[in-house]
Amino acid sequence: MIKTGAEILVESLKAENVEVIFGYPGGVMLGIYDTLFDADLRHILPRHEQGGTHAADGYARASGKVGVCFATSGPGATNTITGITNAHMDSVPMVVFTGQVPTVLIGGDAFQEADIIGITRPIVKHSYLVQDVDNLAQTIKEAFYIARTGRPGPVVVDLPKDVMAAKTKLKSDTKIDLPGYHPNYEGHPLQIKKLLKVIENAKKPVIHIGGGVIISEASEEIKKFSEKLHIPIISTFMGIGAIPTDHPNYLGWLGMHGNYASNTAITETDCLISIGTRFSDRSTGKIDGFAPNAKIAHIDIDPSSISKNVTIDVPIVGDCGKVMRQIFQYIDSYKWKKNEESRRKWLQETTEWNREKPFSYKHSEKVIKPQFVVEKISEITNGNAIITTEVGQNQMWAAQFYKFKHPRQFISSGGLGTMGFGFPAAIGAKIAYPDREVFDIAGDGSFLMNIQELCTAIQHRLNVKIAILNNKFLGMVRQWQHLFFNNRYSYTCLECQPDFVKLAESYGCVGLRTDKPEEVESVLKESMQIKDKPVVMDFAVDREENVFPMIPAGAALNEMIFDKR
Amino acid sequence: MRHIISILVENKPGALSRISGLFSGRGYNIESLSVGVTNDPKVSIMTIVTKGDDKIVEQIIKQLRKLINTLKVRDVTQIEHIEREMFLIKVQALPKYRSDIFNIVNTFRAKVVDLTGESMVIEITGTKDKNQAFIKVLEPYGLIELVRTGSVAIGRGNKATTDFTKQDTKQI
Ligand SMILES: Cc1ncc(C[n+]2csc(CCOP(=O)(O)OP(=O)(O)O)c2C)c(N)n1
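Protein chains in written order, with this note's numbering: chain A, 733 to 1297; chain B, 5 to 176.
Keep in mind that the hints were calculated from the coordinates and are not lab data. Any given hint could be a false lead.
Listed below are the simulated DSBU-like cross-link pairs for lysine-lysine, each with C-alpha atoms no more than 30 Å apart in a straight line [unchecked claim]:
(1) K59/B - K1054/A
(2) K955/A - K935/A
(3) K1018/A - K66/B
Partial chain A-side listing against chain B, Cβ under 7 Å, derived [claimed, not checked]:
(4) P854
(5) H858
(6) Y913
(7) P915
(8) P1035
(9) S1036
(10) P1284
Note that the Cβ used here is the ideal one computed from N, Cα and C, for glycine as well.
Isolated chain A, as found in the complex (with noise of 0.2 Å):
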């Protein structure tokens, strides 16, 4: 059957079962939305590129499915540029199709030319300028593999105008043909009994688990393992959700804002047994002082992120689920009463640590805290809801005090750290999971970042909820200023912002306010009541609480400091 470019496109992406387009139309973009106009595809309209990329990275991370952008060439493409690096750090399958100037006129400095292949190249997991409408099929279907293969992340493709109106014969076989792209699932038997042997040898091992654990679904494993043997818990920023909050083996998360048990167990460890993390910096705090008494085993499908930041010493590359279940072949020949007494011994401590000193805050009947806000949406949504954070004082919020039990449940940009990331993921994960409740805990600086996403929004309908932290500061900048700047506020303060209350009505969504403790419950319950569309809290809080424990950059985990209050 002869098809243009544009059809081929529509025709790959449903053969992948896409259900979603996050997609804004253009110049180069004409063909293929003419094409869209009457396909049977979702397309989703946000109202800035960012917010689409967004929305992709947040539908892909709620459902583990691929999420799909389109954007127009030039600034249309440019645009997409903090979405894809923020989808690459935090290993988001993602597939970013951009509209390119027609083949003859590239590299010309045409009209919205912008070499995106080259602009992108260090912020993909792979890309592709299609120059010939005879490959698309086979690099569409490449591309959607790459993404969502081995260690998952965003792949560009560059559409240009002539060849997405060209013509061709559609084979009904396209293969792929990656020859230099083979990642390995199954972790080497000789490793696995290494790492047994050094777990059976431990007095104090301590599982340790990433964002990687929630990509290849392990959390059942590893909770399996860890109460087989008795073994706690800890998850870094990326990982929370892997394991229930409240799983008694389960000690909470580490790193800068991390609790004082998981930092506290790092620091004491003999064995960490590390699985789908790569031992970034707001993790690890400063390196000499990361495990310092430990043999590491490191479980990832990433070579390369094995012994890049910490020297390990059984590295084991596999996916982090397939080799559980391999591990689990063999544990039974392993002598774990030996130590068991230890381990014990060990489990009870740590979750001991975790009675003594939990995150915490002083309550106040005068001024709403922040936290206390985040602990009432945990207690209203019955810790169910899907919780996307902003970035900043908001987003450590979120993780201390919300009382996750799902994986998949906790969207936040860790390795980029974006402002403006929560509302469109939120908008992402809502169109995943139309029934389920989707929160953003949200600070009144990055909420305005990508705000224009609340027409978005309530264009569709999505109960989305936004509940801003409102504390008229750039909180987390000004916690950094008031610690180690003199309380010098150079810049961080927001008094002049929009009464949210009013803008969420001008769009069509609901607003809500309270500067009240006793009213945050009533005004989250009034929010719950309403089923079809946004609604937008502000709840002003105290303007300087700061976010404990935390570690000062470049100091090692066990130097965390306390709220002096």
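Knowing the structure of chain A, use the given hints to seat chain B with the ligand on it.
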């Protein structure tokens, strides 16, 4: 430590810039880079000489392997190998010095490939050290220009360079 890395890479648009960009983006240094098509027109071979401690070189190799278009990556310095680089040197050659220069050229087994008026072009192939020594000796006559290919290297023995495995490294 100086390392020579051999990379077999698919001959696809942008593949080279992904590799060179990886070096600049991650702050790895490149002493030299040379590239050419292999016997298979769909595959190129690239030789990169870099400097770094073992940890960095391990990362470089892993990052290179991670690229979708790379087929094989091998640290050639870990196996027995032959390294060569070619220089083309334009040197001043006044008639009275010509026979001296010819003598030097012969000693180093270099080759005079052009002789025009008061200059000559010499081709020399060898290790970087040998070539550099040659330049030192020629310098007093007046170097006009130096063009070099960058190092290429090949493993000794029956296997193709990029087919050597970790075990081979240990044996050697
Ligand atoms: C796009 C972007 N710009 C700047 C920063 C640096 N930054 C990190 S946190 C923060 C403050 C965020 O303020 P707000 O959204 O009000 O959240 P709060 O910390 O007050 O909860 C800033 C400016 C960033 N992370 N992202």
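Against the structure, the hints:
For the suggested pair K59/B and K1054/A, the alpha carbons sit about 28 Å apart, so the restraint of at most 30 Å is met. Under the criterion of a C-alpha separation no larger than 30 Å, the hint pairing K955/A with K935/A is consistent with the structure, at around 19 Å. A distance of roughly 24 Å separates the Cα atoms of K1018/A and K66/B; the hinted pair therefore holds under the 30 Å criterion. Proximity of P854/A to chain B holds as hinted, the smallest CB-CB distance being about 5 Å (cut-off 7 Å).
For H858/A, the interface hint holds, the least distance from its beta-carbon to any beta-carbon of chain B being 4 Å, beneath 7 Å. The restraint placing Y913/A at the interface with chain B holds, with a minimum CB-CB distance near 5 Å, inside the 7 Å limit. Using the Cβ-Cβ criterion of 7 Å, the hint placing P915/A at the interface with chain B is not satisfied: the shortest such distance is roughly 10 Å. For P1035/A, the shortest C-beta to C-beta distance to chain B is roughly 5 Å, which falls under 7 Å, so the interface hint holds.
Here the hint on S1036/A is kept, as its CB sits about 4 Å from the closest CB of chain B, short of 7 Å. The criterion of a C-beta within 7 Å of any C-beta in chain B is not met by P1284/A, whose closest approach is roughly 25 Å, and the hint is violated.
Hint compliance for this structure: hints 7 and 10 are broken, all remaining hints hold.
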